[in-house]
Amino acid sequence: MHYLRISDEPIDIADLYQRLVDPQYGGIDMFVGTVRQWTGKIETTKIEYSAYQPMAEKQLEKIAMPIEKQGGRVVVAHRTGQLGLSDIAVFVGVAAPHRAEAFKWCQYIIDTLKREVPIWKKEYDTDKVRWGN
Amino acid sequence: MKIKVKLFAFLQDQLGPVVTVEVTNPIRVTDILKQVSQLAPQLTTTLANSRLAINQEFIDRDEVSLTANDEVAIIPPVSGG
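Here the protein sequences come in this chain order: A and B.
Taking the UniProt record's numbering, the leading residue of the first sequence gets 1, the next gets one more, and so forth.
Taking the UniProt record's numbering, the leading residue of the second sequence gets 1, the next gets one more, and so forth.
Honestly, I wouldn't trust all of these hints.
Under the rule of at most 27 Å between Cα atoms (straight-line distance), these lysine-lysine pairs were calculated in the DSSO-like manner [unchecked claim]:
#	chain 1	residue 1	chain 2	residue 2
1	A	114	B	6
2	B	6	A	122
3	A	62	B	6
4	A	104	B	4
5	A	122	A	46
6	A	69	A	58
7	B	4	A	58
8	A	122	A	58
9	A	58	A	128
10	A	122	B	34
11	B	6	A	128
12	B	34	A	114
13	A	122	B	4
Reference excerpt, derived from the structure (chain A facing chain B, CB under 10 Å, subset only) [what the hints assert, rightly or not]:
#	residue
14	46
15	78
16	89
17	92
18	113
Restraint ranges, calculated between C-beta atoms of paired labels, are given here [stated by the list, open to error]:
#	chain 1	residue 1	chain 2	residue 2	range
19	A	22	B	2	48 to 54 Å
20	B	55	A	46	31 to 37 Å
21	B	24	A	10	44 to 50 Å
22	B	58	A	10	25 to 31 Å
23	B	41	A	19	44 to 50 Å
24	B	41	A	129	44 to 50 Å
25	A	46	B	17	20 to 26 Å
FYI, nobody ran anything at the bench for these hints, they're computed from the structure.
All figures in this text were calculated on a predicted structure; none of them were measured in a lab.
Using N, Cα and C, we set each Cβ at its ideal position, and we do this for glycine too.
Chain B with its partners taken away, still in its complex shape:
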């Protein structure tokens, strides 16, 4: 299944606001991050420090099952304030 992943900040600067990744459920969060880092190796460090959000909630599990309707986002280290 192909899913769209939203990107922000430095990741968005490099790859645009959305990338598509191929997943087979269940999938490890680190595998999603790895797929994105294959698109742009200069992002590996940032991605290693990023978190996944599904439907606008941080996911702290190692493994997830996604549906086509889920809103998936990679959240790089935040720097508000």
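So that you can see chain A by itself, here it is in the shape it has in the complex:
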């Protein structure tokens, strides 16, 4: 079964990985998104994430369900609150029978999350504060 979480709690990769391990799967693909310092000439010092939590959870559910129906397992965790440089903002993990689906589904989930899940970042850069897009 999938596991989807939006929380202030730090993301524990080892724990999330364990949720993907199962003898029926031969491939696990994981994407870990972290807070980047430089975007061109803009220097970021920290990011604050906020969410419309119940809707964000529903949207994640909608993204995960079709993949689970096709035989994959989905684990997604997204942080809210203040994160420093290199902190983990998002984890997307997919277990699948073979690697091709694992790669494909993992990319699909993170790309769709970035478009369809109501989570926002407020970037504290050295020159000013920016709402991300």
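Fit chain B to the supplied structure of chain A, relying on the hints for placement.
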């Protein structure tokens, strides 16, 4: 009918977490967004790129009918991940 509209991100920074708008059913989604942009003209661009959610579902229709119990939210462009 007055309805409460939840705001997030930049919109919430500027106007707080909830604003009240006056609607007569059926109402165009763009009219709801326009009413909010009249409260703070600096939000016009963000609102033009925002979507409406009713009961935590995105609405892609142009026109909606709302009831007092509906949870209405304006979703500015998302930036998670």
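Verification of the hints:
no. : hint                     : verdict
1   : A:114 x B:6              : holds, 21 Å
2   : B:6 x A:122              : holds, 18 Å
3   : A:62 x B:6               : holds, 22 Å
4   : A:104 x B:4              : violated, 40 Å
5   : A:122 x A:46             : holds, 9 Å
6   : A:69 x A:58              : holds, 17 Å
7   : B:4 x A:58               : holds, 21 Å
8   : A:122 x A:58             : holds, 22 Å
9   : A:58 x A:128             : violated, 33 Å
10  : A:122 x B:34             : holds, 24 Å
11  : B:6 x A:128              : holds, 26 Å
12  : B:34 x A:114             : holds, 26 Å
13  : A:122 x B:4              : holds, 24 Å
14  : 46                       : violated, 15 Å
15  : 78                       : holds, 6 Å
16  : 89                       : holds, 7 Å
17  : 92                       : holds, 9 Å
18  : 113                      : holds, 6 Å
19  : A:22 x B:2: 48 to 54 Å   : holds, 51 Å
20  : B:55 x A:46: 31 to 37 Å  : holds, 34 Å
21  : B:24 x A:10: 44 to 50 Å  : holds, 48 Å
22  : B:58 x A:10: 25 to 31 Å  : holds, 30 Å
23  : B:41 x A:19: 44 to 50 Å  : holds, 47 Å
24  : B:41 x A:129: 44 to 50 Å : violated, 20 Å
25  : A:46 x B:17: 20 to 26 Å  : holds, 22 Å
Hints 4, 9, 14, 24 from the list above are not met by this structure, while the remaining hints are.
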